[in-house]
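From these two lone chains plus the hints, build me the complex, please.
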Amino acid sequence: MDITRLTHLDDYEWVIERSGAMRVNGIIYADEPLIRAMDDKVFEQVVNVATLPGIVTGSFGMPDAHWGYGFPIGGVAAFDPDEGGIVSAGGVGFDISCGVRLLTTGIDSHAIKSIQKELADSLFADIPAGVGSKGTITLDHDEMDAMLAGGARWAVDRGWGEPRDLDRTEEHGTMAGAVPDHVSERAKHRQRREMGTLGSGNHYLEVQEVMEVFDIETARAFGLNLGDAVVSIHCGSRGLGHQIGTEFLREMAVGAETYGIKLPDRELACAPINSELGQRYLGAMRAGINCALANRQIITDLTRAVFARQLPQARLEVLFDVSHNTCKVEEHEVGGRARRLFVHRKGATRAFGPGHRDLPETLKHVGQPVIIGGSMGTASYVLVGTEESERLAFSSACHGAGRAMSRHQAKKRWRGRALVDELAERGILVRGASDRGVAEEAPGAYKDVTAVVDTADQAGLARKVATLAPLVCIKG
Amino acid sequence: MQIMTTDAEANGVAGADPPGRWEHFDHGADIGIRGIGPTKAAAFVQAARAMTAVVTDLKTVRAIEPVEARCEAPDDVLLLIDFLNVLVYEMAARSMLFAQFELDFEDGRLSATAWGEVVDRRRHRPVVEVKGATLTTGAVEFRDGHWIAQCVVDV
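Chain order of the listed sequences is A and B. Its first residue numbered 66, the first sequence is counted upward by one per residue in our numbering. Its first residue numbered 10, the second sequence is counted upward by one per residue in our numbering.
Next up, chain B with everything else stripped away, as it sits in the complex (with noise of 0.2 Å):
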């Protein structure tokens, strides 16, 4: 299957949304994510923002509470991997969604800080739940003058 992108669905800066811009792409039985930003923490972060809005209208999560996530692997791909299954075990785990993100390199070392809130049923109607980020797709790489950060969630 050819890996399309959808305009439609791409979620641009707006306010003080961070630098770049999320998309989701087709997969047969899932759902592509991928991150466009200006650095490769940017692209990571926006990856991060795209795998919560499978979940949900990323508009309706508050950035309330902090969760701290580190993670160390031999390359990019599994690093982004790594630190989005943080993220879908926290949010599993405590039962939230993240919408904002804070993130650092460091000798192939990632620490982040994800803020959200707790799921809210009514509020923000959650459409499915990521059951794991997968290599399927994957990618981090500089295209065309920008970071890209992406891989298939299986749900």
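Bound-form chain A, shown alone (with noise of 0.2 Å):
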């Protein structure tokens, strides 16, 4: 990106000062280096989620920004109902709710090293991932319906997992206001068989060692210790999400100009919140992010009895879920008061400070665990909730490293099976179904995930806990 179109405000803060058709001025989050190495697109659309109506405060970029669809991958907007905000599928984007778990294991990871083969094969082996996999679980309409309806509470009722896992999950485990009848029955169809399975891509499940602690009372409060064995599940709202996207962000494009929304990109589908349109996306959304927390809540029992079978010492407990992909109704101070908006998070963690009133009551003096994905050579990381985010911007925070590389230029530069073994040698066992799925996550293909979250961290968007380092990953 080129700098000299930025107001440098601090080290770690960068302003696009309004202009044009602008209604707030663009701010983004990054370290010289990081902003430098950004792409223009991401200037662009900045600036282009600045124009739509009902904006407050800022079009925020996180430090992981990149080139996303209408809204830039990392970017965070708040919208106000009663000034004409709007909500959009393009900013929360297809795979509604995609995000992340994190279980620790109350067990040290020289039990995994000891076993580590033989955990990779089975968990390959009972968590169906990639193209073409299909979950055990098969939903029939009423099924589904509750299921979108009731999110991980629904799972945990119907005995995948543990009352004390919803406590420990964004929004107790239930979004509020889901309307499955607004959801279409392809988006339905779409989901039948993929309740319990991981997806493909990016996703992944990760048995990780933590390796560093920076702030140890924190740690503690979570439940981590150095040398502890954590999972990580990294997947999102499957079929249904995806269909939902689609069918809606279509839907927003076209009818758009009926509301008298001057698009500058299509791809920023939206609706006034406060239109049937708004109203109808906003209740299939949620029932889309109940679907996600539900899998996540699924797959965490698959995990567990995975673990019950090769180390029945070890007790799966849910760290916390939080989810990048979403838009939610939040409480926040603008201009000395307290205001109901629409948040988006495109690729970006909510991070409540300490003392949230939505925080669990175990870690409300604390604030809320923050966790990062990297890729899988690479570290992951543990952040909290700062109170200062939430004046940042609207207690937001990054997601992950956010790639450097396209699929195409990695899959050219890398071959899948000798990357297997070169992560092997490294002590990391991955198993995947596809080598050129393996090629084009290359954790080459990554920026520094360590660079994006030091920035978030100096930033103030939340501050470093831990950082884990994998062990095992299962790609989809």
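Bear in mind the hints are in silico, worked out from the structure with no lab data behind them. Treat the hints with care, since some could be wrong.
Which bits of chain A does chain B cover? Going by a derived footprint, with three or more residues having C-beta under 8 Å, they are [claimed, not checked]: (1) 131-138; (2) 196-206; (3) 241-255; (4) 311-319; (5) 467-475.
We put the CB at the ideal spot given by N, CA and C, even for glycine.
The structure is reproduced here in structure tokens:
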């Protein structure tokens, strides 16, 4: 990105001054190397979002921002329904509520290393991953609607997990306001056999080791100790979310003009929150969030079953479950008064600071765990929400490394088999359905997640707590 | 980011293959697909083939089972996106991959038959699933003597 077009406010905050049709400034959090490396498309997309009706305070880019659909990936924007604010299917994306769930195991990583191969093979055998894989669960019409209304709570009620898991899931496991009737039959049909499946692309299940602790007190509050084994699950709302995104994106792209909305880019497809289409999308999108929460809950249960066989001394507990493609109604203080806003986070993680009313009692004194996934050969991070983040970007942080290289370039540069062997030599066992798929997800194809996380920490969006190093990676 | 064509990835016409060719192009997180042909219909067919090639090697897919697709849209780009998204849906719902296509246009309406087969994970070694065809870089145009149909697919 050409930084001469930006105002450098401080070491980590860059401003695109309001001009033309922009209603607010654009604000990007990044250090200088990260912002220089960012695509010019990020600039363009941050500006485009700033033109949307009802936007409040700013159009934000997180340190991992990259070229997305309409909104940049790593984009955050809040809209006020009382000022003509919009909800955007493009601002949520195709993989509604894609997110990461982190499980503690209560065992040391040495115990994993002694049976690492057997554990990798069992997880790969028992957790459906990749194209063409189907779960063992088939939902009929009534159960589909119950799942879409109930989310992770539905899954726990059906025996996939424990009630205590819900307290450590955003929305306490159920996104309120979901309307299953607003989800098309095609979307439901697409999901019928996909519950409890990881999907493909950058989705994964990893067994990891707590490699470094930056904040001992917070780590302890999260149940993390140096050398502990943990499990990360990264996936979303599967075919149902993709179909909801596809259908509403089209309807909003065609319909925006009827609401008097001039879109600078059709991918910004949106409708007023206070419109029939806006409300219909919100009902369907919230059902998509519940689908993702239920999916990660079922995969948690499948993971527990594998550990119960292989490492019966382990006790898998949900540390937290975060979503990073959402639009949620939240109360934020703007201009000295509390306002009810529709906050879009597209490839960005909610990061509530200590004391926030929506946090579970057990986490209220420390703040929300913010889980940042790396790529299969690199570290992931646990951060914690800060009080400052509310002022900086409606309590939001980054969500991952972001790609540095396209899939196309990656598959030309790496060979999947060689990559798997190389990682195995470094103690990381990868199991994937496709060698080409592994090559496209090569660690070198991603930006340096450490630089992204350090910037989020130094900018005050969230604070670093611990680093997680991969031991086993199940790829879709 | 500059859109680049990548000839190394292009799949030339051979034997009974339909007229035209397809190619992939770079997009930050996802993949651009482009169909090029002597007619608009040929470009659409090649774009559909390019989409299958995102998932697997086209040569491994047998054209056994037909699936019908119909769509209607106010402009050509939306028609392309709708067509590809019907295929994405059928790929997911039927667990199929498609290799051959017949396609007709009439008054902004498209009717197509896609032939393919159920995914065989061992033989097809599917790389990634397509979540949806997007409007990003979407274009249907006559350029330098050829029809081009392109967009980015989210994977």
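Verification of the supplied hints:
| no. | hint | result |
| --- | --- | --- |
| 1 | 131-138 | holds (count 5) |
| 2 | 196-206 | holds (count 4) |
| 3 | 241-255 | holds (count 3) |
| 4 | 311-319 | holds (count 5) |
| 5 | 467-475 | holds (count 6) |
Hint violations for this structure: none, all hints satisfied.
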